[in-house]
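Asker: This is what each chain is made of:
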Amino acid sequence: MPISYYIFLAVIIFSIGVTGVLTRRNSIIVFMCIELMLNAVNLLLVAFSKLHHQRMLALDPANITAGTEGQLFVFFIMVVAAAEVSVGLAIIVLMYRNVHSVDINFLNRLKN
Amino acid sequence: MKFAPFIPLLPLAGFLINGLLRNRLSKTATGIVGSGVVLIAFVLSILVFNSAAAGQSQIFQLFEFIKVGSLNIPFEFQVDQLTALFLLVITGVGFLIHVYSTAYMHEESNAHFARYFAYLNLFVFSMLLLVMGGNYVIMFIGWEGVGLCSYLLIGYWFKNREYNNAAKKAFVMNRIGDLGFLIAVFWMIQTFGSTSYANIFTQLPGEASTAVLTGITLLLLVGAMGKSAQIPLYTWLPDAMAGPTPVSALIHAATMVTAGIYMIARSNLMYALAPASMHVVAIVGLATALLAATIAIKQNDIKKVLAYSTVSQLGYMFLGLGVGAFTGAVFHVMTHAFFKALLFLGAGSVIHAMHHQQDMRFYGGLKKFMPITHFTMLMGCLAIAGIPPFSGFFSKDEILVHAFEANPIYYILGLLGALMTAFYMFRLYAMTFMGEHRSDLSHHHPHESPKAMTIPLIVLAVLSVVGGIIGIPALFMHDGHKLNTFLTPVFEGSKQYLEKHEPLSHSQEWMMIAISVSLIVVMIVLAIRKYSKSVDAEATGLGKVLENKWYVDELYDTIIVKPLLAIGGFFNTVVEKSGIDRLVNGVGKGLHYSSRQLRLLQSGNVGSYLLMIVIAIILLIRLVFYVKL
Amino acid sequence: MNTFQITFWFLSALAVFSSLMVITRKNPVYSVLFLIITFFAISGHYILMNAQFLAIVNIIVYAGAIMVLFLFVLMLMNLNKESEQQKNKYLLWSSGIAGGMLMIVLIAALDTPDPAIITKPGTGEIGLIKNLGTKLFTDYVVPFEISSILFLSAMVGAVVIGKKGD
Numbered sequence: 000m001p002i003s004y005y006i007f008l009a010v011i012i013f014s015i016g017v018t019g020v021l022t023r024r025n026s027i028i029v030f031m032c033i034e035l036m037l038n039a040v041n042l043l044l045v046a047f048s049k050l051h052h053q054r055m056l057a058l059d060p061a062n063i064t065a066g067t068e069g070q071l072f073v074f075f076i077m078v079v080a081a082a083e084v085s086v087g088l089a090i091i092v093l094m095y096r097n098v099h100s101v102d103i104n105f106l107n108r109l110k111n
Numbered sequence: 000m001k002f003a004p005f006i007p008l009l010p011l012a013g014f015l016i017n018g019l020l021r022n023r024l025s026k027t028a029t030g031i032v033g034s035g036v037v038l039i040a041f042v043l044s045i046l047v048f049n050s051a052a053a054g055q056s057q058i059f060q061l062f063e064f065i066k067v068g069s070l071n072i073p074f075e076f077q078v079d080q081l082t083a084l085f086l087l088v089i090t091g092v093g094f095l096i097h098v099y100s101t102a103y104m105h106e107e108s109n110a111h112f113a114r115y116f117a118y119l120n121l122f123v124f125s126m127l128l129l130v131m132g133g134n135y136v137i138m139f140i141g142w143e144g145v146g147l148c149s150y151l152l153i154g155y156w157f158k159n160r161e162y163n164n165a166a167k168k169a170f171v172m173n174r175i176g177d178l179g180f181l182i183a184v185f186w187m188i189q190t191f192g193s194t195s196y197a198n199i200f201t202q203l204p205g206e207a208s209t210a211v212l213t214g215i216t217l218l219l220l221v222g223a224m225g226k227s228a229q230i231p232l233y234t235w236l237p238d239a240m241a242g243p244t245p246v247s248a249l250i251h252a253a254t255m256v257t258a259g260i261y262m263i264a265r266s267n268l269m270y271a272l273a274p275a276s277m278h279v280v281a282i283v284g285l286a287t288a289l290l291a292a293t294i295a296i297k298q299n300d301i302k303k304v305l306a307y308s309t310v311s312q313l314g315y316m317f318l319g320l321g322v323g324a325f326t327g328a329v330f331h332v333m334t335h336a337f338f339k340a341l342l343f344l345g346a347g348s349v350i351h352a353m354h355h356q357q358d359m360r361f362y363g364g365l366k367k368f369m370p371i372t373h374f375t376m377l378m379g380c381l382a383i384a385g386i387p388p389f390s391g392f393f394s395k396d397e398i399l400v401h402a403f404e405a406n407p408i409y410y411i412l413g414l415l416g417a418l419m420t421a422f423y424m425f426r427l428y429a430m431t432f433m434g435e436h437r438s439d440l441s442h443h444h445p446h447e448s449p450k451a452m453t454i455p456l457i458v459l460a461v462l463s464v465v466g467g468i469i470g471i472p473a474l475f476m477h478d479g480h481k482l483n484t485f486l487t488p489v490f491e492g493s494k495q496y497l498e499k500h501e502p503l504s505h506s507q508e509w510m511m512i513a514i515s516v517s518l519i520v521v522m523i524v525l526a527i528r529k530y531s532k533s534v535d536a537e538a539t540g541l542g543k544v545l546e547n548k549w550y551v552d553e554l555y556d557t558i559i560v561k562p563l564l565a566i567g568g569f570f571n572t573v574v575e576k577s578g579i580d581r582l583v584n585g586v587g588k589g590l591h592y593s594s595r596q597l598r599l600l601q602s603g604n605v606g607s608y609l610l611m612i613v614i615a616i617i618l619l620i621r622l623v624f625y626v627k628l
Numbered sequence: 000m001n002t003f004q005i006t007f008w009f010l011s012a013l014a015v016f017s018s019l020m021v022i023t024r025k026n027p028v029y030s031v032l033f034l035i036i037t038f039f040a041i042s043g044h045y046i047l048m049n050a051q052f053l054a055i056v057n058i059i060v061y062a063g064a065i066m067v068l069f070l071f072v073l074m075l076m077n078l079n080k081e082s083e084q085q086k087n088k089y090l091l092w093s094s095g096i097a098g099g100m101l102m103i104v105l106i107a108a109l110d111t112p113d114p115a116i117i118t119k120p121g122t123g124e125i126g127l128i129k130n131l132g133t134k135l136f137t138d139y140v141v142p143f144e145i146s147s148i149l150f151l152s153a154m155v156g157a158v159v160i161g162k163k164g165d
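Chain order of the listed sequences is A, B and C.
Sequential numbering from 0 applies to the first sequence in numbering that gives the first Met the number 0.
Sequential numbering from 0 applies to the second sequence in numbering that gives the first Met the number 0.
Sequential numbering from 0 applies to the third sequence in numbering that gives the first Met the number 0.
Calculated directly from the structure, the hints in this document are not laboratory data.
From a predicted model like this one, the values you see are computed outputs, not experimental measurements.
Just so you know, not all the hints are guaranteed correct.
For each label pair, taking beta carbons as the anchor points, the in silico distance ranges come out as [said to hold, decoys possible]:
id: 1; chain 1: B; residue 1: R595; chain 2: C; residue 2: V155; range: 53 to 59 Å
id: 2; chain 1: C; residue 1: A108; chain 2: B; residue 2: K576; range: 52 to 58 Å
id: 3; chain 1: B; residue 1: R595; chain 2: C; residue 2: A108; range: 25 to 31 Å
id: 4; chain 1: C; residue 1: P114; chain 2: B; residue 2: G589; range: 49 to 55 Å
id: 5; chain 1: B; residue 1: G589; chain 2: A; residue 2: R54; range: 54 to 60 Å
id: 6; chain 1: B; residue 1: L70; chain 2: C; residue 2: A108; range: 32 to 38 Å
id: 7; chain 1: C; residue 1: F9; chain 2: A; residue 2: H99; range: 40 to 46 Å
id: 8; chain 1: C; residue 1: K162; chain 2: B; residue 2: Y608; range: 41 to 47 Å
id: 9; chain 1: B; residue 1: R595; chain 2: C; residue 2: G161; range: 49 to 55 Å
id: 10; chain 1: A; residue 1: D59; chain 2: C; residue 2: I148; range: 32 to 38 Å
id: 11; chain 1: A; residue 1: D59; chain 2: C; residue 2: F136; range: 41 to 47 Å
id: 12; chain 1: C; residue 1: K129; chain 2: A; residue 2: V98; range: 21 to 27 Å
Glycine included, each C-beta is placed from N, C-alpha and C at the ideal position.
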């Protein structure tokens, strides 16, 4: 598969995530859209990792670990995402407790 | 000689002490500090003078002041014979005026008293800086300093609007002159690459063409005109009478107005190499001497008479400078410092006694009330009139002799001025001290002034009488002109470039002295006869013109002040209000309006913020990938 | 068209479709479910690229833990009804257009005429736990430990934020 296809797929999913963030008002769905965007990026990282691995292997058949870094980045992104979700959901719960809604437009209360 | 750099520091210290502690010090303490520092400076000046008399001169490089590229202007003092003489006059006469002021200003409150002394000390400091500076920039600092101090002191009673206007007038008139000086300094930097006297004078002649020197010297003359009150910038000096009388004495005698003379005497080599400028100096001086003398004849305010007499005497000094009699001019500065300080302080004593009445028409017959003041004033009048053997005779005679050598017309006009001087001075004397008293004596009796005022008067009277002996012309005594010998190192460089004149024979000189002295005596007798009994009737015709000072103030008012005010008004109402203000307000209003509009973008709506972020990202990507940077 | 390509297209279509469903469903619970499908599709892509470990982690962490957390919160707040009011029409449209524009711009920007080709699966062993683990516990041990601190602080933060009544 040409790498462009992966790029396009990732871009499409990412853009869908962006659109979701922009159009939805439910903060939980906004959150999920952010996860969607993260996953699009993960997909791209894995694809590039694979490509890199292939290239390196062609140059030096003994180098079987080239490109591992890309996958490790994905791993770390997942770690961060998990941490982010736990905190973010806690904030949403707190918000719900205060304003009885998860509508992001209520976040403009921050203004005052 | 090595104490010289400390001389200006003393009045500066006095200024700081009196200025900073003015709410704490008592009047006695203020007076002691203010006079004491000047006294110490005077003692040091005597030491310096002795060294200078022994032929020493020295340049003190204190520190680097301005250094730009190849231009280096150090903060330096140059102490030579000319400086030493001026130091002596400034600190000596200045000290007497300080002592006098302690009594004269006694009615002021503590803080104002200290403020007065602080200004006085600063004045002396600036003047010392002016005469000690080793280059034109340091001189300029002192030059500006005396201008500032004169402003502060003339406007000392700042609650009076008229006095403030007089102060402003003095300041502005001085500024006009200062501009000339400043341009001259720049020109010197361009021509000689330095402003130090030592550097400039060793480059002469040769480094600069006559045309350039004429330009520089004429610009310097403009500066001198402002500071030394010459036509056309003389009108501030009579108005400077608004200040306390001792200040007038200080301005007119010891400091300030002599600055212009000093500067030209200091630059004698440049002037000698620019004969055209010399002629201009002589003509300006002569014209000023005559104009001021005519005005003085008709004034009724005692201080105004003295003020115009100062302008007139300064004109003589310029005449002396202009005909190459540098020594004579400096000599006249010195004797003038004595008798003019004496006259002013005497006038102050009279004014003090008369409860601040300054109009001579209300004086008369004060002889019996204030014997000391009367006697000392008489000495001063005789000295300024030029009766031998009083000091004024010698100095004025020297200038007139040189004027005759240069051009007999100068001499005749100069003599005319001298006659007028004698006339108006004895008019003043007769109106004040002789005849019957002309004001109501039932409420107050004029009284003699306290000792702190009379002692300086006596000292100055003695100096006025004997001050001439340092410059006895060869006519009377061989090698009698001590001052000439003393100042030779300063002026000998320019001697060879001056126009050569046939010296007068002794018989001619005798004749001149006889003519002038007899005419002066006639004028004195005339004045006394006319004014000891009566005062001027309401003036008409020429008299009225003279009384109104040739309407020069009105003329300046019409041709300069009014148009300037009109332009100012135009700029104020049209350019300022509708141009600049509108522009500035427009910027403010525009910002206000646009921020009100932009504020709406900050809706607090998270969704629209996110939208903005995305749009920005899109634009950035477009920029990065499609716009070739 | 071999199996690899068929699988690729199928998984891509599934991912795009289900992510579209995520943002269009009114009911948040459906959104969550479609998101889980998206994650599965992406995991499938990982397997195609020999990233077996990541594929499993993706399913366990994302589809398992995180999505359950989402569902849990939704249920807890009783949000599983179509309660969302639609917002400003203009903003909605402009948001949609902005998203589309972003996609077009990005695709146009990243499009290359002669792309590199990713060969079919079965080549390379970097996705195995053994290789990844070796790398993780040697070269990347410091970030790994730091991420544990991150977790700890996130946990503390979540507890503090979620604590009631202050």
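Asker: With reference to the structure, classify each hint as holding or not holding.
Answerer: Consistency of the hints with the structure:
One distance hint, 53 to 59 Å for the beta-carbon pair R595/B and V155/C, is violated here, with the actual separation near 44 Å. For A108/C paired with K576/B, a C-beta distance near 56 Å keeps the hint of 52 to 58 Å intact. Separation of R595/B from A108/C is about 37 Å and departs from the stated range, judged on CB atoms against 25 to 31 Å. Against the hinted window of 49 to 55 Å, the Cβ-Cβ separation of P114/C and G589/B comes to about 52 Å, which satisfies the hint.
Look at G589/B against R54/A: about 58 Å separates their beta carbons, and that is inside 54 to 60 Å. At roughly 60 Å, the beta-carbon separation of L70/B and A108/C lies outside the given 32 to 38 Å, and the hint is violated. With their beta carbons about 43 Å apart, F9/C and H99/A fall inside the hinted range of 40 to 46 Å. For K162/C and Y608/B, the hinted distance range of 41 to 47 Å is not satisfied, since their beta carbons lie about 29 Å from each other.
Roughly 40 Å separates the CB atoms of R595/B and G161/C, a value that falls outside the hinted 49 to 55 Å. Take D59/A and I148/C: their Cβ atoms lie about 36 Å apart, and the range 32 to 38 Å holds. D59/A and F136/C have their C-beta atoms about 24 Å apart, which leaves the hinted 41 to 47 Å range violated. The supplied range of 21 to 27 Å is broken by K129/C and V98/A, whose beta-carbon atoms lie about 50 Å from each other.
Consistency note: the structure conflicts with the earlier hints numbered 1, 3, 6, 8, 9, 11, 12.
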